[in-house]
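A.B. asks: Protein chains in written order, with this note's numbering: chain A, 1 to 114; chain B, 1 to 227.
Hints are computed from structural coordinates only; laboratory data are not their basis.
Don't take each hint at face value.
Computed spacing ranges between beta-carbons, pair by pair [claimed, not checked]:
no., chain 1, residue 1, chain 2, residue 2, range
1, A, THR53, B, ARG22, 16 to 26 Å
2, B, ALA117, A, ARG98, 38 to 48 Å
3, B, LYS185, A, ALA44, 16 to 26 Å
4, B, PHE192, A, MET19, 35 to 45 Å
5, B, LYS185, A, ASP16, 40 to 50 Å
6, A, MET19, B, ASP54, 49 to 59 Å
7, A, ALA71, B, LEU55, 22 to 32 Å
8, B, GLY195, A, GLN82, 13 to 23 Å
9, A, ASP55, B, GLY195, 24 to 34 Å
In the DSS-like style, the derived pairs of lysine-lysine whose C-alpha atoms are separated by at most 30 Å in a straight line are [what the hints assert, rightly or not]:
no., chain 1, residue 1, chain 2, residue 2
10, A, LYS94, B, LYS113
11, A, LYS66, A, LYS94
12, A, LYS66, B, LYS113
13, A, LYS66, B, LYS185
14, B, LYS185, B, LYS113
Every residue gets a Cβ at the ideal spot worked out from N, C-alpha and C, and that includes glycine.
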Amino acid sequence: MEEAHGVTVEAVVVGDCPMSPHLLAVVAATREALVNAARHSGVATVSVYAEITDDRVEVFVRDRGKGFDLAVVPDDRFGVTQSIVGRMERHGGKAFVRSSPGGGTEVHVELRRG
Amino acid sequence: MADPSGPEVARRLRVVLVDDHRLFRAGVRSELAAAVDVVGEAETVAAAVVLVLDLQPDVVLLDVHMPDGGGRAVLAGVAAGAPSTRFLALSVSDAAEDVIGVIRAGARGYVTKSISADELAEAVVRVAGGDAVFSPRLAGFVLDAFASSPPVPDDAPAADHADLDRLTARERDVLRLIARGYTYKEVAAELFISGRTVETHVSSVLRKLQLSNRRELSRWAAARRLV
């Protein structure tokens with residue numbers, strides 16, 4: 001990821017658990033959020049925080065880049081946002097995107113376990 | 001107790017760099033030159049101890065890993081010999097055990113070498129003022145270390161607050177945001193609390209890390225070693 005897109009990924013992981021098909025969706029959504037941040041944020045560092053507890057897995061992908069207005073999402077952003085949200089919903093999870101022009105972007109992916 | 005921190009401090013902070021890579025020290029020195037006075041450099045534990053005792057700097061930027069023992073050995077060597085000097089660990093090290101070890105030996109914070117020059121200068125000022133500096137990674141380590149213990153209710157009686165093996169729910173909230181890459185200022189805005197309150201929570205977590213009787217910490221460290 002870092003090499004392909006020229007960004008530094010600051011990853012922090014709390015907890016651990018065995019892999020499952022639903023978790024693969026979390027990984028894929030995280031990956032997509034990272035690529036999105038690398039392509040559009042305009043900054044060189046992206047933070048990833050993953051927390052695994054007994055009942056859920058949460059991942060936050062955050063950049064301090066240029067952000068965008070969620071009300072007027074450009075088509076390319078809309079596509080990615082929708083695919084992350086859609087992917088998580090198909091696997092029984094949720095995804096939220098927070099962004100504002102100049103305020104960076106944070107994608108929050110959540111999946112209940114068990 | 002602590003000097004008033006912040007940009008209004010008239011006197012420039014005196015900083016010592018301890019790292020076994022000369023090129024890295026040179027880089028940090030030039031990056032920090034505008035903000036602080038780098039008054040000395042050392043590349044071995046022995047030299048660092050002598051230098052810190054001699055110069056009594058405000059802040060020591062301390063490498064966690066060095067061939068002859070690293071940050072912990074410097075802290076142990078200086079011991080009580082530089083009572084007003086504060087230590088900030090600066091490293092690429094990923095090993096949780098080492099990072100927690102240097103904090104427990106007395107460092108006031110831990111930042112990774114990917115930190116920007118501005119953030120590093122800010123961290124030095126914060127540590128000099130007696131506050132704690134938690135990078136996302138340190139926040140993650142702490143959350144991990146305390147994960148198995150239930151949170152202390154925020155409104156628990158004072159006696160329970162003294163429980164050093166557990167975090168309060170609020171401390172957890174603050175650490176999670178720091179782990180997500182939020183600055184202290186952003187944490188304050190997100191939780192509708194003052195920047196000062198964020199500092200208080202972080203300092204309280206640092207105290208627990210340093211003073212906890214380690215029931216949770218040692219269990220966690222042991223589990224980590226097995227991985």
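A.B. asks: Indicate, hint by hint, whether the structure satisfies it.
C.D. replies: Quick rundown of the hints versus the structure:
no.: 1; hint: THR53/A - ARG22/B: 16 to 26 Å; result: 44 Å, violated
no.: 2; hint: ALA117/B - ARG98/A: 38 to 48 Å; result: 28 Å, violated
no.: 3; hint: LYS185/B - ALA44/A: 16 to 26 Å; result: 21 Å, holds
no.: 4; hint: PHE192/B - MET19/A: 35 to 45 Å; result: 38 Å, holds
no.: 5; hint: LYS185/B - ASP16/A: 40 to 50 Å; result: 31 Å, violated
no.: 6; hint: MET19/A - ASP54/B: 49 to 59 Å; result: 54 Å, holds
no.: 7; hint: ALA71/A - LEU55/B: 22 to 32 Å; result: 56 Å, violated
no.: 8; hint: GLY195/B - GLN82/A: 13 to 23 Å; result: 37 Å, violated
no.: 9; hint: ASP55/A - GLY195/B: 24 to 34 Å; result: 32 Å, holds
no.: 10; hint: LYS94/A - LYS113/B; result: 34 Å, violated
no.: 11; hint: LYS66/A - LYS94/A; result: 24 Å, holds
no.: 12; hint: LYS66/A - LYS113/B; result: 24 Å, holds
no.: 13; hint: LYS66/A - LYS185/B; result: 19 Å, holds
no.: 14; hint: LYS185/B - LYS113/B; result: 21 Å, holds
In the structure shown, a violation is registered for the earlier hints numbered 1, 2, 5, 7, 8 and 10, in ascending order.
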